[in-house]
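Chains as they are written, first to last, in the working numbering: chain A, 1 to 477; chain B, 1 to 100; chain C, 1 to 518; chain D, 1 to 622; chain E, 1 to 169.
Keep in mind the hints are simulated off the structure, nothing from the lab.
Given the structure is predicted, the values throughout are model-derived calculations rather than measurements.
Keep in mind that the hints are not guaranteed to be accurate.
Claimed, not checked - Derived EDC-like pairs (lysine to aspartate or glutamate); straight-line CA-CA distance at most 20 Å: (1) D:Lys522 - D:Glu378; (2) B:Lys99 - A:Asp152; (3) C:Lys108 - C:Glu375; (4) B:Lys99 - A:Asp354; (5) C:Lys381 - D:Glu555; (6) B:Lys99 - A:Glu357; (7) C:Lys381 - D:Asp171; (8) A:Lys36 - A:Asp443; (9) C:Lys381 - C:Asp459; (10) C:Lys381 - D:Glu378; (11) C:Lys311 - D:Asp116; (12) C:Lys381 - C:Asp366; (13) C:Lys311 - D:Asp171; (14) D:Lys166 - C:Asp366.
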Amino acid sequence: MNWPTVAVELALCAGVLGLLLTDALLGPAKKQAIWKLALAGVLVLGGVLWWQRPWIGQSFQPMAAGQAMFVLDPFAWTFKWLFLLTMLVVILMTRVFTRQAGANIGEFYLLLYSALLGMLVLASVHDLLLLFIGLELLTFSLYVMAAYLKTDARSIEAGLKYLILGSVSSGFLVYGISLLYGTVGATDFATLRDAFATGQMPLLAKAGMLLVLAGLGFKVAAVPFHLWVPDVYEGAPTPVVALLSVGSKMAGIVVLLRLLYSVFWPVQAMWGGILAVLSAATMLYGNLAAIPQTNIKRLLGYSSIGHAGYLLMGLSTASWFGAQAVGYYLLAYLFSNLAAFFVVVTASQAVGGDRLEDYDGLSRRSPLLAATLFVGLLSLAGVPPLAGFVGKLLVLLATVESGRLWLVAIGAVNVAISLYYYLQVVRRMYLRPAVGTQPLVVDPLTRAALIALIGGILLVGIVQEPFLRALSSAIRF
Amino acid sequence: MITLTHYLVLSALLFTIGLAGIMTRRNVILILLCVELMFNAANLAFVAFAKSLGDPSGQVIVFFVITVAAAEVTVGLAIAILMARRLSTLNADEVSLLKW
Amino acid sequence: MPTVVPVLAVLLLAPALGAVLLCAVPASRADWARRIAVAATSVSLALAVWIVFDYDRATGGYQYEVLIPWVRPLGIGFHLGVDGMSAVLVLLHALCSFTGVLISYAIKERVKEYYIFYLLLITGVFGVFTSLDLFFFYFFYEMAVIPMYPLIGIWGSDVKEHGVVRFSKEYAAMKLTIYLTAGAVLALTGLLWLYVSSGAGTFDVVALQHHLSAFPLDARRQAMIFPLLAVGFGVIAPLWPFHSWSPIGHAAAPSAVSMLHAGVLMKLGSYAIIRLAMGLLPDGAVMWLPWVAALCTMNIIYGGLVAMAQKDLKLIIGYSSSSHMGYVLLGIAALTPLALDGAVLLMFAHGLMTALAFALVGHVYDETHTRYLPELGGLGKSLPFIATCGVIAAMASSSLPGFGNFVAELLVILGSWDRYPLQAILAVLGIVITSVYMLRMVRGTFFGTLPQTFTHAQDAQTFFARLPYLVLVAVLLLVGCWPRPLIRLIDVSARPFISTFAHPEAIRMATTTSSQPR
Amino acid sequence: MVTGFPVALAAWTLLLAPLAAAAGIPLLGLHRKRLSASLAIGGLLVPFACACWLLLHTLQGSLHLPLEVKVSWLLLPDLAIPFGVLIDPLSLLMSLIVTGVGSAIFIYSTGYMAHDSGYSRYFTMLSLFAFSMLTIVLANNWLELFIGWELVGFCSYALIGHWFEKPQAADAGKKAFLVNRVADFGFMLGILALWAHSSPLAAERTLNYQLLQTRLPSLLQSGWLSHETLVLTGLLIFCGVLGKSAQMPLHVWLPDAMEGPTPVSALIHAATMVAAGVYMLCRNFWLFQGAPAVLETIAWVGGATAFFSAALAVVEPDLKRILAYSTLSQLGYMVMAVGLGGHVAGMYHLTTHAFFKALLFLAAGSVIHGTRRQNIRELGGLRRSMPWTSATFFIGALALCGFPALSGFFSKDEILVLAHEHNALLYWIGSVTAGLTAFYATRAWCVAFLGQAPEHLHAHESPPVMLIPLVLLSVLSIVGGYLGIPAFLGEPAGAFHWDVAATSLAAIATGAGLAWLIYRRKAIAAEAIARRCAWLHRLLVNRYFFDDVYTWYVEQVQQRLIAGACALFERFIIIGLAVNGLAWLTQLAGRAIRRVQTGRVQGYVLGFCCGIIALLYLAGRF
Amino acid sequence: MAETIFFYLFAGLALIAALLVVTSRQPVHSVLSLLVAMFCLASLFVLLGAYVIAALQILLYAGAVLVLFLFVIMLLNLDRETLARTRSFTLRGAGTLVALALGMSLVRIVARAMAGRSVPPVPEQTGTVERLAQLLFTKYLLPFELTSFLILAAIIGAITLARLKDSDR
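Kindly produce the complete structure, drawing on both the sequences and the hints.
So, in structure tokens, the structure goes:
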């Protein structure tokens, strides 16, 4: 029963309970300062994760009965860092948001923590049931957070749509797990892998796998299961959307990576082809539909669908280099998307809304905000010397190696299409005269965070070797 | 003689009815009901498989699925109440502010 | 043999450092921004000139190499190196950027941002000409394309016809960036396919060349990859059907940007076709280049004819650039040493000439606020210096002997005569067409009676204002009157480059029968 | 014996002195009139002195021509283009003309252009012109000739358009340059063909005169250069001559070139540039000898130009344009002479023509300088008010008509003798043209110089700096015939044909007499003749409608049809259809896809289930 | 023999109840028919030997969840569901069609895959509380703990959303 492997999750549970208590004790005035506590909590978790390093490679086995359900391998350890980083930035985003959330801001941070817990569990999951539980933990907190602005009809609608779609997808997920359990007799990944090692899967298992992939496809926003994304991104409060677009999507991809590359590895011919078709459809859908958008959050929603396409393209290569490319792409996507959403959060109050017209002349009113959004969007578009370019390049390279040139062609065309609508935003910021004249004041912490994000994008874009080396050592199942 | 297939066919049918219910009924609460129905169908499948495999872990999974379904219902109903109060309607198709 | 001081690294990073430095300068201090920009580009110019003189003609090959392994697992290295051809192009870019920075003194508002984007553009182009690594080649290639968008979008000007706006600068900026990125991405897929199918596991051009000469790709694979690269890079070196972005981009861009844009950005494409498409896929090149030759003749004739019908000065020069680039592509497609020397020299000479032409039009536009030919006239009286340079630019463009263009076009025509006689004849006809619209432009702008509205037009009085024009004219004349040293520099690397190309029949035979490794 | 450095130095200074002046003036004396004038004149007198020095030595026999000094301008393994100076009797004579007559004209123009705003720009261009003319003359290979050819075209463009405020001058300059450029298109192709066929081995291809001349016979035998290609190359090279020496189809630019200052017309459009074409034919006569067909066409083109342009001069009211048409006609004579095989006769007439035509132009210039008018009908009685100018004009006119004992007579007579021997029809055309020449010369003399001066005309004699060159040139026009130029060029003049001389004298007498009757005695009214054969008069006044045809072609066919069609194609097909069409298509796709997001939850669940079904179907397929 | 009769009885009843849930107009009727379905399923669980689960099914599902539903329906005093506007009929029609298609494919897969694997007689000790508890607290300890946080999150979420503070009237 080696507890240290679960240390981070335990610390987080303690954190959740601690938050619950402090929230009950603190008066309304001090509630505004609760984000400092949450931030400190995440930093402590970072320490615990760092402290956990000697236990990498072991798994949590209560009373040594049967297969491990929760494993702390390098893969999980690396991605937990990324989850913590995402949560750190999202918490920084919520500071601006506290006025809107009003009285129950305490609960918001609690839900953030439970979402983080779900993500951390998903990173090192090694059993279908635990996967289901972790997924539901993450999704439930996101349902509630999506509908958090109780007074705003759009937020409620977003929460509702996310809930209904989420429950249908978890219904399918459970049904899939039952089919897999039925054919194999166990739900943990090790036995599943041995069962399918021969390469032939019984029909029921194939159906089960597909339903599980559908459930995760919903999480990652792959095409047939993506319809909720634009509406929820537009309606939900922006920090939640940031968490959704980066955290929940990364969790989905991490689980997919683990499932496809360790459990269903022998059957890669099948899911390789399916994922290729899905990725082509996802890329085209996301990038084409984003062109006529007028709301920036909705535009970023469609763009995140587009990026899901690229991630699936990386996965469809069914090669180790492909997995590393997906890892790198996630890293780049994380920095770029967080930068973009951070600006959207800070700007939406002052600029008064999320319509693209409100961003006219932002570069005159606040050069730093405009520069961050400029760098973030161009990194998403895949322009060197930024991170997105290297991510896209590696994914395309992996797909060329896998021999699917038609997919590479579609991926290439999508770079040009995506550049169009990203430049539409840049056009508004730089080319249009400013709407309001008074400059936007940005408080020092946000300024530091923005500069750090820009630095991150540039660093990941220019210095590629350390990250690639870390990823290649991490992604080994 | 009742075989495993009978149970699985039954669970599949229940699942489909739940799914049909979600897509046809307009009232959000009824949609949540149908979701419950889908989860129950899955539970039936789990128990049937546990029985045929002679391995009790299937039933433990059902235990967890029930708790998740219950949690689902609480959040669902909370949002339904919020919707009824704020948007003064419970019909899913009248709620389409966010589109295109 | 990397020398002790990484000359090329300093040359490449000087403008980049300038851009970074500019970020720190407060926006109000426009003069500081200008000084930093001029300093950065003059450092690069000094180094470029030094390289051209110090380049060891005897040994040839890549010199001043700087190699830093960047991503070892993929075989990507920050590998800079310059051979005869790229040294000349680096000098061209150094000259254009130095004069461009001087010309952009006319930019009055948001000067700091302007210079940041401008120096990024310059760094990108230096990167392309000096990098010997596929990854960094594409890295700098894209880095050169993207700053064009804000540069044209913010400081550009709408293209008017009779006062009515024909297309806005935003449309032009957007179209240009998307068009070039689409081309670049197409080329990227080609490069990746090449990287993968070569199996050499390295992005380094030199290593790839050795590898491919040892076990070349089979001719069919090369025949499939080459068009991707040719069309991808052909979009920016405006190959005929894909050329329409360039004139519109020129017309809307501010003069200093269109100087770099037409002067140098177009050469990226043709240089890339030489270095990558032909360098790595010789058999593919031999098969597809006749098509390129046919298309670029359209470039010459069609571009010239359309230029004749244009009324906006910058559009005329824009289409004339695409027509001149037709010569460069013809030189490349002819696969003879003479033609390739001519092509590279023409890239150099045409770059300077277009930069001069756009600088002049920029000055005319700043003084008269119109570029519409029917509204202009008689400026020779009030702008004598600019008018003289205008006539010089027109004459250089219509390849009057004494200017670099004549020598280059002569070499291209002589070189391409054996393989493409018809194209060579049409190329000579192109010279006549060029002189027609160039003289029409000069006549329309500088000669004739001076309309009342332009009497206040100011000529470039101070030496500092005249410096860019004088530099460009001087170099053009120098190359035109005594081309031997420059031609020898180009020839040192062009001749061995061409010798690697097998005769067309050998290739055709190779594709039909099963290609045995040579 | 004098050889080695001094000769090479003399040769190089002969070529590069004017270039140094052309470079010096803008750098040093841009706004200082005296300095720029002296630099320009110095830049021409020094080469004149070198030429005389070389001539002296050749005559004394201490220098053996042909002398070749060269430096490799472009050195590549498979292309070596030298840039050198080739001095032989032909090029020495021509350089003497260029520098001699040139210096006279330079000195004259210091007076003529005294208070012109673009003074130093004018002299820069003149020096540059001198340099390029000398490049043509002293070139030792076809490419250097071509370089000079183009530069001369540019200088004439710049000088014609010197007063660029005047729209007609600007258009005339542009027209001259473009017509020359069209002709150079053919010329360049000719050179290219010559270069391509100069040797079967690519590395040994050359454009050098001597090498080509020696190789020609062997090339023809070996079949590498077939006869057809030789004819074609000859014709293409003759194309260049058409443009530069303003022969029939491409002569339209010369009359308009009169918009430029008169010394320019004297130097460029009389003495030197237009003669370059003839000089090139004489220099490379070996190329055309092998192709009689080419020579035939050359002769006929020359004859036609001579006759038709002489006819035009008859009705022309403008003094300078009369002289321009006369130049056209005399050039026709020279080309005809070369066409008939007598390139020495052509050169002889070229030399004499340079003297008296420069004289006539300068005299006309001083008339314009004095009276500010060019139309001869507004002039009259200048004999009294401008004695020196009218005297020198008279001598020039006499030489032009071919009055016996003057230089014109001897050289024109040579050509008529040639025509008489080879081609009877051309001989008759030549004689009739001689008559016409006499007619318009006398007409110009009588109307402009004799008779009463109109009341408001107050002409004053030009300053001495303009008169001295006039006197010098008139001396040369008189003495020109006796300098033994044909002997110097290697073919001493043949026996004096009395019958040819007689017929030409008769033609001159009738022409002059007729003109005297009409314009001096006014016995027959010029208008009456004009009315009687009205169509001929209209034809001549409209210059055979050449200009109208060309302007129609440029405006309608070239600008509107071809260029317009291309521009429309570009704007609507390539930009409109291909580029914007693509963009519009993606926009359309975007909007269509966006429609899928209906905003209704149950629609999304439906999508979800369809996705599942699709997934199951795909699983079946893979 | 009795087992097959019981199976068909309860299976049929469950299907009918499920259909009633979907088709009945009154929301209360749907909830009650779902209750009936729950009971049939519980009895099927007993047939399958999963006694604890059957008990849980009734206690948890029938007792807690459906009562919650009834409570909410009463709270919002829902009346008969008005007929949907005609326009959305196509959507609901398509919905049923797609659901049927999905159902048929699932049934086909399930029927073909598991042909004939008979259900062995019920060994006594599988469905008992001890067996289940022993498994729950050893192998499935971690999910167990996590579900507690899941429920905590759900509760807090439900409270914050549905709480009626005067500020958000």
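Quiz item: Which of the stated hints cannot be reconciled with the structure, identified by number in ascending sequence?
Solution: Result: hints 3, 5, 10, 11 and 14 break, sorted rising.
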